[in-house]
Structures are given as structure tokens and as C-alpha cells.
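Trainee: So you can see what is in the structure, the chains are spelled out below.
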Amino acid sequence: MNRSVTRERIVPIASSLAAIVAAFLVGGIFLELRGKDALNAYQILFQRGLGNSDGLTETLKQMAPVLIVSGGLLIALKAGIWNIGVDGQFLIGALMAGAVGANLAGDVPQAVMIICGAVAGFAGGLAWAIVPAALAVRFGLNEIITTLMMNYVAVNVTSWLVKGPFKDPDRVAPETKQIPYELRLPFIPGTEVHIGLIIGLVVVVLVAILFRSTVPGYMLTVLGRNKRAAIHAGMPVGLLTVLALLLSGGFAGLAGANDVMGVQGVFKANWDPGYGFTAFALVYLARLNSLAIIPFAFFFSFLLIGGASMPRRADVPTYYIQILEGLMLIFFACSVYFERRLMAAWNRRRSEGSEEHAAPAPIESPAVVVGEV
Amino acid sequence: MVIRASAGIAGTLGAQDVPVVQMKEISKRFGTVQANSNVSLQLFPGEVHAVLGENGAGKTTLMNILSGMYHPDAGTIEINGAPVTIASPSDALEQGIGTVYQHFTLVPNLSVIENVILGMKTRFVLDLSGAERRLLEMLGDFGLTASPRTEVRHLSLGERQRVEIIKVLFRGSRVLLLDEPTSVLTPVEVEGLFKILLRLKAEGVAVVLITHKLEEALEVSDRVSILRQGRKVGELLPDDIAASGRAATKKLIVELMFGGTAGGEQPNADSQHQSADGIQTTATGDAADSGRTLLELRGVTALDSRGAKAVRDISLQLKAGEILGIAGVDGNGQKELGEVIAGQRHVTSGSVSIAGQEITNKGVSAAAKAGAGYVTDDRLGEGAVPGASVAENAVLKTISRRPFSKGGFWLDRPAIEAHAQSLIDEFNVKTPDTSTRLTLLSGGNIQKLLLARELATDPQVLVCNKPTNGLDLKTAQFVLQTLRSQADQGKAVVLISSELEEILEISDRVGVMYNGELVAIFPRAEVKIETIGHLMLSGRDRAEAFA
Chain Y
991 MNRSVTRERI
1001 VPIASSLAAI
1011 VAAFLVGGIF
1021 LELRGKDALN
1031 AYQILFQRGL
1041 GNSDGLTETL
1051 KQMAPVLIVS
1061 GGLLIALKAG
1071 IWNIGVDGQF
1081 LIGALMAGAV
1091 GANLAGDVPQ
1101 AVMIICGAVA
1111 GFAGGLAWAI
1121 VPAALAVRFG
1131 LNEIITTLMM
1141 NYVAVNVTSW
1151 LVKGPFKDPD
1161 RVAPETKQIP
1171 YELRLPFIPG
1181 TEVHIGLIIG
1191 LVVVVLVAIL
1201 FRSTVPGYML
1211 TVLGRNKRAA
1221 IHAGMPVGLL
1231 TVLALLLSGG
1241 FAGLAGANDV
1251 MGVQGVFKAN
1261 WDPGYGFTAF
1271 ALVYLARLNS
1281 LAIIPFAFFF
1291 SFLLIGGASM
1301 PRRADVPTYY
1311 IQILEGLMLI
1321 FFACSVYFER
1331 RLMAAWNRRR
1341 SEGSEEHAAP
1351 APIESPAVVV
1361 GEV
Chain H
590 MVIRASAGIA
600 GTLGAQDVPV
610 VQMKEISKRF
620 GTVQANSNVS
630 LQLFPGEVHA
640 VLGENGAGKT
650 TLMNILSGMY
660 HPDAGTIEIN
670 GAPVTIASPS
680 DALEQGIGTV
690 YQHFTLVPNL
700 SVIENVILGM
710 KTRFVLDLSG
720 AERRLLEMLG
730 DFGLTASPRT
740 EVRHLSLGER
750 QRVEIIKVLF
760 RGSRVLLLDE
770 PTSVLTPVEV
780 EGLFKILLRL
790 KAEGVAVVLI
800 THKLEEALEV
810 SDRVSILRQG
820 RKVGELLPDD
830 IAASGRAATK
840 KLIVELMFGG
850 TAGGEQPNAD
860 SQHQSADGIQ
870 TTATGDAADS
880 GRTLLELRGV
890 TALDSRGAKA
900 VRDISLQLKA
910 GEILGIAGVD
920 GNGQKELGEV
930 IAGQRHVTSG
940 SVSIAGQEIT
950 NKGVSAAAKA
960 GAGYVTDDRL
970 GEGAVPGASV
980 AENAVLKTIS
990 RRPFSKGGFW
1000 LDRPAIEAHA
1010 QSLIDEFNVK
1020 TPDTSTRLTL
1030 LSGGNIQKLL
1040 LARELATDPQ
1050 VLVCNKPTNG
1060 LDLKTAQFVL
1070 QTLRSQADQG
1080 KAVVLISSEL
1090 EEILEISDRV
1100 GVMYNGELVA
1110 IFPRAEVKIE
1120 TIGHLMLSGR
1130 DRAEAFA
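Residue numbers (this note's numbering), protein chains in the order written: chain Y, 991 to 1363; chain H, 590 to 1136.
Any given hint might turn out to be false.
As the list claims (entries may be wrong) - Once the Cα atoms are required to be at most 25 Å apart in a straight line, the calculated DSS-like pairs of lysine-lysine come out as:
1) Y:Lys-1217 with H:Lys-951
2) H:Lys-995 with H:Lys-958
3) Y:Lys-1217 with H:Lys-958
FYI, nobody ran anything at the bench for these hints, they're computed from the structure.
Could you put the whole structure together from the sequences, leaning on the hints where they help?
Mentor: Right under this line is the structure:
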């Protein structure tokens, strides 16, 4: 038994890693075909992202929003709810934090400003998820469509607000008031990484505790793995759906607040880092395992940072990183397929040994395929 | 009346006509189940041939073989006297055999004409208008007023079924297989369907009607074949039916389907449940009279998941210490009745109370709190989370209670593990440990776990839907014995099953559901198998002849 438990733990990790390696290999072939030096490009990618303390600092700073968005997204995905709207929720949260933070800056102590900004960001993202949540629970509308559509609304609403009511009248460019540099998120002592990283780690740990040790977390997992079982067991399915969507929206908003108060200091029109896609790739590669988000967040952050310097030093465009992420997801889907065949073969072998036949494999929802094991 | 043995039929019939389809000695096995065994069947043009049998008698398998879904392990199929191999459903269509399945295969968002030509060999550019002219004619013939351009989702179930029939005829099918065609229809629509069948008959189409509704089968059929446990146990020829009259024919068919003999009060001799461990049945009915009422339904009506009426005006009372067996052919509202008691299905009228507490439409947790327990027949679909561990599944319904969680929030993993372990020990569930994924357990062990989980909540009223389905004999006996001992400890048990034998084995009273109605309840001592069988197949109105 122990051996097969170990197998069940190691195989998923191995297949995620295999997907990443395959993405780098195939991505490298593309680079070579375009006449670039793939090895050199990757060298620069790693050097810039990890090789020196500047790169490491930038990577760690980048981790904060990635961690927070992914932690929130995990709650939804684990409950089988596809919150495609994290980018919109992120923007609304960022703008709220920008408006609240900048207006309070200087008038109240820094800590109060930061807390108010964070709360405003969380509330903004959460509010942006209310409409899809209500539509899903009340009318059974598919949240994939509604959250996706809310993204477009968010882009335009924030753009209008920052050009109108929330605009800093003293500036020409459409942006909120600046949060003075010294009032932004403080650094972790001894580093130049702001405390967003710690907030991100705390969020991920809280999410892990939610799923490991609480009743709502257990119920969300059941909902994600078999909704009919949740109904059969009398769980409050509507309430759980709302909870998952709102929490995931709230954390996306908090990530927006982090970027505005920690890095940007301001909410600018047309600023949209679009962490949503990265977070989806990340959470799936982490196999919906909360704590596994942390190493993957580090990896993806380093890709974002390293990738940013590839155009200049290796003549490879920044969006090559997006190609890499896309390839990872494709190869991940492949490796899950092989993994299931492998597991099925093992189970067959095991049940042949015992007297009784194992129950037939059930058809599982897509979210289960990558479920935590 | 002539009942012919299943073997040897092929040679003796068909003097008047050449059969359009001849299935000879077809056998098909799935794992350990022999679904068909040496079944022969002949279809004649211009004849409606009813194939009757209980659930699991092998009707659908036989038809799936003819429609190309399965390949027989042994036996041959001839069309117009020439042996053929039917490789796939589209192959069957090409050879003139069209099937209308119980669950329709139309695309709701496409128009009638688009559905009809879907999958046909067409050129790249669709010739819709040519097809439309032909289709318009057929629609008129079938009494459909809808235009060919109407989207199918706007049609009623009866109309959709006609479109399905048109769809296969449009491709030139001369053999039409109908799988339980009346199960989704209203009585008026059933009549309409029968008119169409008579018409098709006149045009020389050979129709196969697969059904378990006896009355309907006799109304339109010329020839009736009866399957039981995968074998053909009889065939009634048109002349036989005409000669002996309906009542006698029905009686004979019921005997053939259930294997009981007229007047017998015991389950049939080859019933597996009769043998083996031998349960000491204390079902006398006397003890039940003294108990207090634990379950009361008054005028309950409820809809199924598709919105059709599934439970019609059911009232019943169940006392402590009593087991009520609900017999019926699958899909007559038994499942929905169970779900209503468990609080899992809303009622549109009527009331439900458990141990004196009204729980109508208050949901699963209110019903559970009042003392309802429900073991579903859909073990992996809704009864459990297949990918989760045994332990996690063991507390699916009780997770927010002590000791599994503190304050309804913090999980107590050790308590959950301990509880799962105690269920495993008590019910002898075979699993390596509590952290094993549920999918790795056998069906019988999953069933034991679900039953154990339910009993651990100490329910006052326990509803079990097909609790022994797919279990080996020993486990099935264990489950039934457990239910009996629950009742003996003062609980009320509702046992829903399509297996008459197990119902008779442990029930104090036996109710029969037909078309959503509880058509009759008998004390165990007064049960006559043929009466029950007849009620299952035809409902109340037609049962008087047997009462």
C-alpha cells in the first residue's frame, strides 16, 4: 500500500515537471527555427530571473500578485467553478485601492492607509464577482460566460473611471493620484522586496488550511468533484458557489491592490497585467494543490521577469513567455492523459491480485482530472 | 394456445411470409452476465412484434445487436434471407433497420429538417428544399403541423418522437425498432403513436416494440415474444392471441415473464435469494401494528428531472418496525418517491412527515435531521465522491456534525478516520485502509459503506433504492439482513426494488408503483406474485381480473 501511495504522490508532480520540460524543448525548437540561439535565450532568461540579486528581488516582488490571484483562483477551480473573470476583478480591485489609498495617503498613518486600500481592493474584486455568482445560483447561468463578459465591462468601467471621477486633476495622463513612494508597502527588513510577498504566502497558506482543515473547504472539494453528491448529502450548494466565486474575486482584487500600493503607486488607464492566464496555467500545473502553488508561483514569476529582458538581450519578444505557458498547458493535458492510463494499468494489476473486481472508473468532471491526490 | 420453446422456432414459422429479419440463436455475454442466450426472433413485414420482459431480461441487448451497437458472441442475422453482418448503427440504417431510442437523439437547437438529414450522406451543399418537399408530406402523414423549419426544442415529447420515427423512415428503413416508446408519452400521445404504428403496418413496415407495458403491447401487437433472464421463454402468434382472448393471454404472459405459476404464493423456484444463508424472516406484520407512525405521506405529487409528473398523489403510512417493499418496473416513479422522502426532491403538492415532523420541501438536511436516511441506487453518481478517500466518503452527510467537526467549521481528521475505520470493521468493508480512493473498492463494498454511513446516523426512516443491485449473493443477503434487523430494532424501512424476490423476502407490506401511482399495497401474507406482476405491468385498472 505504501508503495502505491508514494506513486500517487510522485506521479502527478512528475507529469507537471515533464510538461514544463517539454514546453521548453519545443519552445526552443521554435526559436532555433526562427534562427535564434535558443540556448543563449534560455541562459539569459535564467540569469536575469534568478542569476543575480536584482533579478531575484524582481522575481520575488512579482510573486506577490501571482500568489494572491492563484490562491483565490484555486478556491473556485477546486469547487468546480471556472472564474474566468480574475483579470476584471483584479482591475476593479486595483482601481479601488488606487482611489482609496491615494486619497488617504498623508492624512492617516501608513498602516491605516494600507489596510484601507487592501480592504477596498478585496471588496472591489469581490463586488465584481457578485453578478456572476447571483446569476449562476439564481438562474443557473454558466459562470464561464458571465465572468468572461464581466472582464470586458471591467476594462471599460475602470478606464472610464480613471479618465473621469477618479482622475488626478493635476496630471494630464489619465491616472489616479500617486501614492508617495515612502508610503507604499514597506520592504521586508534586509531586502528590497515589499511585504506583498508575505501577504501572498499568507493567502496561499490560508487557502491550504481552508481545504485541509475546515468544513467549508471539504464541502467545496465535494462540490467540485461531484456536484450531485453534494446535493445528495444536503450541502448548501448555492451558498458554496457564491462563497467560492466571491472569495476568488476578492483575492483577485487584493492582488490588484498589492500591485497599486506596492509597485505602481498609481492606477493608470490601459494598465492591465493580465495575470489570469498565468494563474490558470499555474493552478492546473500545481494540480489544484494549495501549497504547490508556492514553488510554481516562483517559477512563473521568474519567467515573467526573465522574459521581460529577453527582447533586449536575446532578441526574443516578451510574449515568448506566453507561448511557453501555452505549451506547458498543452503538454500538461498530454501528460495527464498518459498519467491516467498508467494509473489505470496499476489499478488493474492490483485488482487482478485481489478477489473482487474494482468498481468501474467513473466519468469525472474536468476539474477532477487534475484533482489533488 | 401454443407456446413454443425458444430453440427450434426458426424452422417452424413463416409459412405465410418471408421474414424481413431473422435473428437466429443470438447469444451475448457481458462479463459474468449472460444477457442473451440462444434467442431467435423473426420480423415480418406489416407486423408489429412486441418484445416483452422485465428489466434486465435482455430486450435492449437484443435490439442493440440488431441495430449494430453490439456484436453477438454467437448466432446469425439474416435480412430477406441473406446472412448479414451489422457492423454499426449507420450500417444498420443502410440495411433498412432504423431505431428510435428511449432517450431521443435529436438536436434541440436544430430544425426538424436539419435533424432529419443529420448524418445522411449529403453533398457539401445541402439540398434542403428538395428534402423539405418530401418531409412536408411525411409530417402531414404523421399528423404534425409543425413546419420543417421549426426548431426541435419547440416540439413536445410526443412530436419529437414522431420526428425520430420520420428520421429513420426518411432514410428508407423498412424495419423500425422502438425502445420503450410510450415511457415519455401522455395517454393521448400514446394513442397517436399507435395510430402511426397501424399505418406503418399497412405500408408493410416491420415494427419491433420493446416494452414492459403489457396492456400496450397487446393493443397494437400482432406477435409477442417474451424474454426472461436472457432467454426467449415464449412466443405468441397472432392466431394464438386472437383465439384465447386478452385476459387469458395476459395471464399467460405474466407467468412467462416472472416465471411464477398461477396461484403460487412463493417466489419462483430458481430465485437465487431463496437459497443460501437463509434469513430468518420475522415479517409477520403483527409487530408492525403496534408501532408508532414514523413516515407519513399525504397526497404527494412530484415531478421528475425532466419536468414530467413522476409521483402521483401518493399517500402512505409506515410504522416503526415495518418494511415496506415498493415493487415496480424501473422508471415508474419509485426513485422519485425515495428522493421525496429524503428531502432531495421537491413536491408540487402534498406533505411528507418523518417521526411526526413535517419536512415537506425543507430540503435534505431538514429531512435528515428529522430522521430520514436514504441509500441511493446511483452509488458513484450521487452517493459518493469517487475520487475522494473512503474516510472522506464516510462522513459525506455528517461532516458538519460533532465529532467530525468542531463548531461546524474545523475538521477533526482523527475522528473522521476513526469513524470510517469503525464502519469498515462493523460492516466488513474490504479496503486496504481509510485513505484508499473509493473507486478502488468493489461495488459491493461501496454499497456496504454507503449503507453503513446511513445507519450510523441512526435514521428513523431508511429508504433504500435497489440496495442489492449488482452485488454478489452473499453481500446481497447481508444487506437484506441488515435492513430486516433495522426494522426489528424499531425503524421503518422503505425498500425500493425491481426484484420481486428480495422484496418478498423481507417486507411486511408490498406496494406496487405504476406510472407514478402507488396502485396497491398488500400485507406480505396476502401477496400473490402474479397479481404483483400484473400490477407492475399494467397498473390498477386492469388488475381486477386477477384480484
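Trainee: Quick one, are Lys-995 (chain H) and Lys-958 (chain H) close enough, alpha carbons at most 25 Å?
Mentor: Holds, at roughly 18 Å.
Trainee: Compare the distance between the alpha carbons of Lys-1217 (chain Y) and Lys-951 (chain H) with 25 Å, and conclude whether the hinted pair is satisfied.
Mentor: holds, 19 Å
Trainee: Holds or violated: are the alpha carbons of Lys-1217 (chain Y) and Lys-958 (chain H) at most 25 Å from each other?
Mentor: The given pair, whose Cα atoms are some 21 Å apart, holds under the 25 Å limit.
Hint compliance for this structure: every hint is met.
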